[in-house]
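Asks: The chain contents come next:
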Amino acid sequence: MKIGKTANRIDGISRRTVLTAGAGALLAIPFIKRAEATEKVLYVNTWGGLWDEVARDVWFKPFTKETGIEIKTVSPVSFAKLAAQARTGVYEFDVTTLGVAELGRAHAAKIIEPIEGSAIDRSALWDGAVIMNGVKSHAFSNAIVYRKDHFPNGGPQNWRDFWDVQKFNGSRSLQRYAARTLAFALLADGVAPEQLFPYDLDRGFAALDRLKPHLRVLWTQGPQSAQLVRDGEVEMIGMWTGQAGKLVEANVPVEIVWNQALLDQAFWVVAKGTPRAENAWRFIQSAVKAERLAEFCLRDKNGPLNPKAFDFISPEQAKLMPTYPENFKQAIILDPEKIAPQLDELNQRFDRWISS
Amino acid sequence: MTLVRLGAIAITIFLAAPLLVVVPMSFSTAPSLQFPPPGLWVGFYAKFFADPNWTGPLVNSIIIGIATAVLTMAVAVPASFALVRHRFPGRSAFNLLLMTPLIVPHIVMALGYYVYFGELRLLQSYLGVVLAHTCFSIPVAMLIITAALKGFDLSLERAAMSLGARPLTVFRLVTMPILAPAFVIAGLFAFVHSFDETVVSLFISGRDVATLPRQMFNSFRMEADPVISVASSLLFAAALAGVLVPAAVRSVRRTLDRRNSPLAS
Amino acid sequence: MTMSRKPRIKTGPILLGLPAGLFLLAFFLVPLGYVTVLSFSDPSWGIANYRELFNSRLFLMTLGNTFWMAAVVTGLSLLLAYPLAYVAATSKGTLGKTILMIVALSFWTSYLVRTYAWMVILGVQGPIPALVALFGHSPPPRLLFTSFAATLGMTHGLIPFMTMALFAVMKRIDPKLMDAAGSLGARPWRVFWHIYLPLSAPGIINGITLVFITCLGFYVMPVLLGSPREQTIAGLIGDRMEQILDFGGAAAMSLVLLAASLGLFSVYSRYFGMDRLWGGRI
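The listed protein sequences correspond, in order, to chains X, B and G.
Going by numbering that gives the first Met the number 0, the first residue of the first sequence is number 0, and it counts up by one from there.
Going by numbering that gives the first Met the number 0, the first residue of the second sequence is number 0, and it counts up by one from there.
Going by numbering that gives the first Met the number 0, the first residue of the third sequence is number 0, and it counts up by one from there.
Derived from the structure by calculation, the hints contain no laboratory data.
No residue lacks a Cβ here, since even glycine has one placed at the ideal position from N, Cα and C.
Some hints could be false.
Unchecked claim - Derived Cβ-Cβ restraints for the label pairs, each shown as a range: (1) 237/B - 60/X: 32 to 38 Å; (2) 153/X - 19/B: 39 to 45 Å; (3) 135/G - 290/X: 56 to 62 Å; (4) 118/X - 237/B: 34 to 40 Å; (5) 184/B - 21/G: 21 to 27 Å; (6) 316/X - 57/G: 45 to 51 Å; (7) 50/G - 118/X: 15 to 21 Å; (8) 245/B - 196/G: 29 to 35 Å.
Work the whole structure out from these sequences, hints included.
Replies: Dropping the structure here:
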């Protein structure tokens, strides 16, 4: 009712402006847009940089060719935007990828589309492909990366070293992502990997408090993390190994520390209520196909979560991937079930920690 | 005195020099913020003009800027006449209302528009951004038009009227030609004000009508890649043209005037 | 239609002012009203948002930091803009014109362009750290993402505003006054101190008010160049909206920021009259 009334007011004003200025308002009126349900288009939220480049080649172009659905990319990635979209009903993107912690939050807050009754063909997926309405895509490592030129005799070898500001002098950066950053803090404080979950929040935040003066930036976007360490703005950083691998290839003097790397998983999700949900599920279906996922992971330096993808990856290459069965066993894996009940408190405290 | 002049020169250099950094960076081959650039090429220009995520916002900004300028003038010109030529109850409150958009921080308005336009279904629409930008541009345009109006000699209009011209004819043939330059400048200011506006666009323009400043701001957050320097160089070139062209025109005209003037030589 | 009796275009002032008034009512005051209501109603009715703000050490520190930064930027830009405006207003040669041209160029250049420039200049691979390293400072100092960077960027960005506000007043100061004082034997600095400075005071007050209010609400540069640990209020509001989706809290902060800006403005207009504030813009 309220909306209708105010909308009338706009019309009234437009009419008045037409009378006084004619052309001006006429220019503006056709700009009111209405989304059509049958659009041949899909908006995908991307991480930009390398991710974007690879996704375009491996996922977007073939999908458009098969279906005629045009893919447009929207960045930056923002969990808050996903939540805001469900609230306002105005969609910037239809599809995005989430880590396990975000997936848990999104599922609980009902801001993603349920997979039941969706356009996806679940029989074509593998066992365990779907958790909490997200479709598994790939796993990626979050590890310490340091500048070799700053630490010629070797830099931090584990998270305890990363926290040791006396021994390893230099500025640091971590991701603005509660679930991952808290794991690092607890590992630094001496918690054994097998006892990491559920988190001891008080202990973790106390450890974060100690490091805070030495954290120059909390990064939010993948390419941003690469830029910080590439340009030498920070000496050490907790970042994705895929991004870091690209830096190594580009001869940037950085070292990736695989010890105590934290493995997280990426899930495809569809924004709740989007008019393009059908296109979105069709896209996800095609993106997790073994061959395409294999190609994506090879180029983005991740590990496929579709086991069949390894059929398209040579054994040598597979051994370098975090999801290769042998590596998977050694990794510290972010446990979605054990941290799920903590997520609300965790994120609230993390936000408060950032802004205090 | 010379010390003051030297100081002024140094400060002028401080104003100008940082801006000049932008142009060589746009031709840099380095993917990072390395200065001076290790090598030069035009690849990032090609990237800018080939990427719809950059060209789209450029076009959107131009459309929004023009629409804002037109709408601003449509309401600001009559309001200026009301303010300058009439005395009426509530005039100073009216004046205050017209000027406050210059005082209110844009981030506050961004929040207001986000919620309000969300209800009106105007998020991610040209109309929404144009309406918001017009609010900010009205005072800017008003300042210019009212100043011109105050300097306007009313006896010209009276003379035309005493010769039998109708009010609209007077406006068209006398008032308008004299004030036209001020109108053009006011419209231009409104356009630039809209074209440069970042904060409100950031929060309400969304995907479909993303403006160039929004795209630049988001790119800064992703990675300050050299494509931003291309956008920056283009904006800088526009500003440079905006300042140099009128100055050049003026100096050419002055030279011509001097040459044609019978008093010269 | 016969000839108009009044020597004016025959339209009432109400009718002329109505479009602008209604427009700003609908698209400026109403959204501001939304912010106000939001601050008292989201997530629940009451003053909880404000109570939380004024119990938050972070908010109070950020508030202090914002005012401090605004004061520093205003002071610095006055210090730098004054000689600029002075020379532009008093010298007749090309120097004055060049200064005005550069100021105009700077004025028209988008804040995002300047932000990019400062990122390059202050970045670890940029010229300033290289210069500092040349003098033996190693490792190069970290300048980007600090309050220093934000302060420098904002000062650089606001000097044109300050210069224009000063210049508008200075160009009306009659140089003969100074000449007269000089011919009566007063030393140049005394002439400046006792005559020129007081005469230029209105410009100083205009400039300070404009720049300070602008600084309080500045978003782009503090967010992109500044330190995440020493935010400004505007940055904090943006963060609340974007990352935390706490619209009530963002609205309460907005109202505090709004009150500060409007408060300063009303103090100014009470003593000096509102219309003069923007004299320098034209």
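Asks: Indicate, hint by hint, whether the structure satisfies it.
Replies: We went through each hint and held it up to the structure:
no. : hint                      : verdict
1   : 237/B - 60/X: 32 to 38 Å  : holds (34 Å)
2   : 153/X - 19/B: 39 to 45 Å  : holds (42 Å)
3   : 135/G - 290/X: 56 to 62 Å : holds (57 Å)
4   : 118/X - 237/B: 34 to 40 Å : violated (46 Å)
5   : 184/B - 21/G: 21 to 27 Å  : holds (26 Å)
6   : 316/X - 57/G: 45 to 51 Å  : holds (48 Å)
7   : 50/G - 118/X: 15 to 21 Å  : violated (48 Å)
8   : 245/B - 196/G: 29 to 35 Å : holds (33 Å)
Violated hints, in rising order: 4 and 7; the structure is consistent with all others.
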